[in-house]
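Asker: Given next are the chains, with one letter for each unit.
There are 2 protein chains.
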Amino acid sequence: MRPHYNGRILLSCYCFLLISFSLYAQQKQPVDYVNPFIGTGAVNGSLSGNNFPGATSPFGMVQLSPDTRAEPGWSTASGYDYNDDKIYGFSHTHLSGTGAAELFDILVMPFNGELYTGKQPVSSFSHTDERARPGYYQVRLKDYGVNAELTTTTRTGFHQYTYAAGSDRNLVIDLMHSADKGSWSFRITQAQIRVVDAYTIEGYRIVSSWAKLRKVYFYARFSQPVIKTVLTDGGHVKNATNVVNGTGVKAYLQFKNDTQPLLVKIGLSPVSITNAKANLQAENPGWNFETIKQAAMQNWNKELQKITVTGTEQQQQIFYTALYHTFIQPNTLSDVNGQFMAANFTTQQLPAGKTHYSTFSLWDTYRAVHPLYTLVQRSRTADFVNSLLAQYEVYGYLPIWQLWGQDNYCMIGNHAIPVITDAVLKNIPGINKEKAYQAVKQSSLQSHLNAPFDVWEKYGYMPENIQTQSVSITLEMAYDDWCLAQLAKHLHKNEDYRYFLKRSQFYKNIFNPATNFFQAKDDKGNWLPDFDPFQYGANGGNPFTEGNAWQYFWYVPQNIKGLIEMVGGDKTFTAKLDSFFTIDKQSDHINNNASGFIGQYAHGNEPSHHVAYLYSYAGMPAKTQYYTAKIMRELYTTTSAGYAGNEDCGQMSAWYVLSALGFYPVNPANGVYIFGSPLFAQATIQLEGQKKFIIKTKKQSDKDIYIQSVTLNGKPYLYNYIQHSTIEKGGELVFTMGPMPDANWGRDVLARPME
Amino acid sequence: MRPHYNGRILLSCYCFLLISFSLYAQQKQPVDYVNPFIGTGAVNGSLSGNNFPGATSPFGMVQLSPDTRAEPGWSTASGYDYNDDKIYGFSHTHLSGTGAAELFDILVMPFNGELYTGKQPVSSFSHTDERARPGYYQVRLKDYGVNAELTTTTRTGFHQYTYAAGSDRNLVIDLMHSADKGSWSFRITQAQIRVVDAYTIEGYRIVSSWAKLRKVYFYARFSQPVIKTVLTDGGHVKNATNVVNGTGVKAYLQFKNDTQPLLVKIGLSPVSITNAKANLQAENPGWNFETIKQAAMQNWNKELQKITVTGTEQQQQIFYTALYHTFIQPNTLSDVNGQFMAANFTTQQLPAGKTHYSTFSLWDTYRAVHPLYTLVQRSRTADFVNSLLAQYEVYGYLPIWQLWGQDNYCMIGNHAIPVITDAVLKNIPGINKEKAYQAVKQSSLQSHLNAPFDVWEKYGYMPENIQTQSVSITLEMAYDDWCLAQLAKHLHKNEDYRYFLKRSQFYKNIFNPATNFFQAKDDKGNWLPDFDPFQYGANGGNPFTEGNAWQYFWYVPQNIKGLIEMVGGDKTFTAKLDSFFTIDKQSDHINNNASGFIGQYAHGNEPSHHVAYLYSYAGMPAKTQYYTAKIMRELYTTTSAGYAGNEDCGQMSAWYVLSALGFYPVNPANGVYIFGSPLFAQATIQLEGQKKFIIKTKKQSDKDIYIQSVTLNGKPYLYNYIQHSTIEKGGELVFTMGPMPDANWGRDVLARPME
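Protein sequences appear in the order of chains A and B.
According to numbering that gives the first Met the number 0, the first sequence is numbered sequentially starting from 0.
According to numbering that gives the first Met the number 0, the second sequence is numbered sequentially starting from 0.
If we strip away everything but chain A, and leave its shape as in the complex, we get (with noise of 0.2 angstroms):
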């Protein structure tokens, strides 16, 4: 379609890149530092970050990678375990950083030899033949000497394979191929893959697994001419046919030997073939790999710019990692005509120039991914919201968890409140702000998986005989209730604000004077027996979720002035923070996702996050300073085991960004940043309207980690936090750190975080 315009595209781009590159070979830019091997692979037995190296362009809808796994499980979430020495092939979607896997959509493997055995092609490789940027995955296949080269555009993937010479060029095109089959109820309820021409083969595969039901279509194109197909269903070949209709389909291709590698793009669609089609036609219309590559890692690296710090090599490693790791989800979910699939299973139509996004792993992602999203991703963060407010249209209520559209409830709470009332809160432009408010309370009120409203407001907390997790419930449910107070506070819904105010003040009612423990209560309101602070739940069955009371202590960040009163002050708070950060000891069942631990604090999951910067609400920031610098620098590294636990779609990546500029937000939706203590001597974060903020740390080092004073556009600045609304002006924070607590900085209760 339209070959001289989008030639004169590309030719445009060509050029625009080729000047790109004789700036960017003068200076190394973020993208260069990204390193997508960390958290690709634990180590000792610890969790895996479940990222995957392989190439996707920012927030795109393929994440073309490898998988080392024939059925990768719940370990290898993200198909690749670095640990591992065969590849089964390149899918063309995947999930970084989640616990759970899923997606490992249309995989394609070349291999040589006898074009179909029954067997599956699996190549063994090195890490010294492999290599992965942001947009760019290459490695040797040893077994079959193929080397294999991986790219993409937002929504379709772009494979170069050199073959050696005189081997044959074969290919599986595997529609089979998928996460665990014993997991998630998995079905294939039907696949097709047909042969269109020699250069051309198309198909999909309808499967329900962790999402209900996905629909992935695809459209693919060749090089060079097939030669020799074999199709296959269920391992049964399928002779005398072009198109293969069943729930097992592959494709094995033969192409005609040639000296040049054999290039394959694959445009793909959650609507349909033409759809697919047309994906491929706006966003890789052309055969120029090299081409494909370097627009890929532009990209990558104008979504990296938006902050630029000056730190070591390997500070800068991990930071732009990190914010690379940010940048990969949520997901582009609709075509380029914008076509996507509605959470009750509908094709609906985006207004032209709106995306619509899916992959929301919200309970991760609302603490710290969201808000940095509304510092550097403005746009987008409205795109997301109406994503979110496009399940409740349909659905009745905002999604837990949202895989390819659909909701699967993982984990609890109803964090799509605190990211919607974040980005109305911050003025976001692009988002009806009644739809959104509507959206938010009637998810507050409509009953659902893990969220009894009635149960709610009639107690007053959950009883765990009634809904277990209840104590991680009814904490984090306040939360959102708070959440959803501030927004119709900012509504002028005066009535709807003292409602949800006060459901917001439920966490009270489990909170033990005796033990100093929010603990879980029957419903006849008497504490449940055996209490152990120590003891771990894991995802029902226990009032704790993937954590402990030690943990979920700290989960009141509506009200952090609140929860120190509560057990007697700043000194008592301050002492249980301590006794947190250093109670070595485990209980028997620490539950899978809690690692990365100091003491009782675990880093490589969730509940602890903001645990660290609440020293600073009562008056002794240097703990903070210690703690976050401490974790920075000792639970983030770059290799493969980079992360102290599952990356979670960003989560774990944004704390480090954020702290690493200095400050991150307890309460994900008041707009407050608290200080922690900034990495880099200057880093810049680049705001719209050409604004920049920012963060300049004298006397950095990894023994100055105290702030002594700070001074913001060169005033003396004695708050220990700055607000969202001052970073957007844009302007200069300017720390001074020192290997010593300065003995007043940031202790006074003026200078506390705002709440």
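Among the hints, erroneous ones may be present.
Calculated cross-link-like contacts (lysine-lysine; reagent style DSS-like; alpha-carbon spacing at most 30 angstroms) [as the list claims (entries may be wrong)]:
hint : chain 1 : residue 1 : chain 2 : residue 2
1    : A       : K457      : B       : K227
2    : B       : K488      : B       : K353
3    : A       : K570      : A       : K560
4    : B       : K353      : A       : K227
Here chain A is said to cover these stretches of chain B; the calculated rule only asks that three of the stretch's residues, wherever they fall, bring their Cβ under 8 angstroms from a Cβ of chain A [unchecked claim]:
hint : segment
5    : 185–191
6    : 205–211
7    : 264–278
8    : 394–404
9    : 435–449
10   : 541–551
To give a feel for the contact side, a few chain A residues facing chain B, derived at Cβ under 8 angstroms [as the list claims (entries may be wrong)]:
hint : residue
11   : K211
12   : N244
13   : Y394
14   : D453
Simulated from the structure, these hints should not be mistaken for laboratory data.
Backbone N, C-alpha and C define an ideal beta-carbon position, used for all residues, glycine too.
Using the hints, position chain B against chain A.
Answerer: Here is chain B on its own, set in the frame of chain A:
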């Protein structure tokens, strides 16, 4: 939407009905003879017709009918068994006459007493309190004292429930209700019920079963307000919500007490709630049950008037009920706005004025139902063909058995081919012949389930050890190839003609002259040992499909003359037919579907359907007349056991309709109808363009079953068959009958059926 406009339409409609009624009172109309209870329940352990008694509109999307089983199974595939005495509710979609249970979407059941007890409402009923007419069903639910009345438009159901005065007015809307959940890997992927307001609920279910994936959306309106609601999922009450998303959702609704009956109207759509609502607004905007009921009956009458007959009350009941059953499906699957879900799970848009149909039980219906449609449903025939072609477009080949737009591959052969061939050769307008040809050709080249064309072409038959059901498939595939050859010839594709004509001869390769039967060979060309012509096969694991070698011997509809020669000429052939109709010996393992026996002849299943007409090809028309007269009189009744076996989406009925008119298409794609023994003194086929074809039968009686002479338009007519092209012109065919065979009529070689 446009209430004025709709109001006017309805008013005109109503006036028209008043006029109709005054005429109507004077004369019994075709619709008055229809008895929807025929075929709804077997007696003495015979096979049920599996028809439903509920309300539906001609070729409608909705079949609103009582379900007498909680989870209807194979033997109650329509949901209703006349022998049952309990009703579980009224669901909106049913299959008519199939041997497999599916659909049963959106069950509605009125009840009273406590609104939610955890138990499924169910009531006893009696046939004395039950009435059914085309488009209308009524029953008194004894246990609840509710009089239930149902009617329909094409895409909507309309319920009128008259509760006992003062009783609770409860209703359950059940999206969990289905066929036996253990069968067909039944699975509800997701469902939703949402209480929109006191008068409205909406929702959907996404369900995979015999059809791979169906999306069924609904929009329901009530005449009175809901005053209490209980929503459940999987038997768990969901408090404090007006929406429930899950896999087993139900709504228990209590309505305001009122002296008026409760009216419930529900629109369905396979695309979206929006479309379901639009369907309801377009087809039933008001609240007049009687108006819609009368309109439904008038719609039926309009269709049934296409063939009018004079006969006994019983004969007319059987005839018009049979005609009614042939017009229940194929079912409308597109919405009023022309959208439908295509076989590749995308939403497609029809051109204005077109309808998309599904429910193609082709192995049954290609034999007589589709030829009947070419006479009296010409416009719909084009839509049927185009609906079949729509699958080809996205699926690569035509359907085997298409249910709600999805091929379930039930049975064998590719009998969309004779359907399309017949329609094209009869020059039905609105079909793109070239497109139809490509679909037919590709479906005869693209191997798929039970149709491995590479094996077919390699061996010239299906070897049983490679493709089971090999004899049945070889015979039926040869016929489909013959059809394709004729289509090629018609379109002057001479090379293709020769190619497929050659394939159509492959049946000869499995004829064993030593036994005079078609028998299975292996891939070495050896006959399979231990041949027993009485032994039945089912649907795999045996050379024969739902029949035995006796029943399949006759399956060469494209060349009966050749078949006669194969066994040694007229006498041998006639003797073999005599044996077929008289040998009572039965295998110990009769297939379930074989029933309605006359010797080996089994009228209860399709392979026998054309056989009584074969005598005429061997110069013994009197025996055709004898057996067809016998079958019509003995194997069709007005009881619930009125069919000799499953009615099979109209095929059992179409056999009767055509045979009663006096002819039957032995070859369903050559436009030739073989004379049998006409049943009615007069029958009139209303053709297009005000033309009529009148069949008069002089001296017609139960004894005068033999044709003595025939005239066409007043002139002697010596042929024992009539061509479609002759009927199409209109005219008058007069049979003169007698109690004994005429010595000469129809016996001459020239009189024999044209091939």
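Asker: State for each hint whether it applies.
Answerer: Okay, the hints, checked on the actual structure:
1. A/K457 x B/K227: With a Cα-Cα distance of about 19 angstroms, the restraint between A/K457 and B/K227 holds, given a limit of 30 angstroms.
2. B/K488 x B/K353: Roughly 29 angstroms separates the two Cα atoms, so the pair holds.
3. A/K570 x A/K560: Satisfied, since the Cα-Cα distance of roughly 13 angstroms is no more than 30 angstroms.
4. B/K353 x A/K227: Given pair B/K353, A/K227 is violated - Cα atoms ~41 angstroms apart, limit 30 angstroms.
5. 185–191: With 4 residues closer than 8 angstroms to chain A, the segment 185–191 of chain B meets the three-residue bar; holds.
6. 205–211: n = 3 at 8 angstroms, threshold three: holds.
7. 264–278: Our answer is that it holds, as 4 residues pass the Cβ test (under 8 angstroms) against chain A, meeting three.
8. 394–404: Result for this restraint: holds, n = 3.
9. 435–449: That given contact holds, which follows from 4 residues of the segment 435–449 of chain B lying within Cβ reach (below 8 angstroms) of chain A.
10. 541–551: With 0 residues closer than 8 angstroms to chain A, the segment 541–551 of chain B misses the three-residue bar; violated.
11. K211: 5 angstroms, holds
12. N244: Hint holds; A/N244 Cβ to chain B Cβ min 6 angstroms, cut 8 angstroms.
13. Y394: This interface hint holds because 6 angstroms falls under the 8 angstroms limit.
14. D453: 4 angstroms, holds
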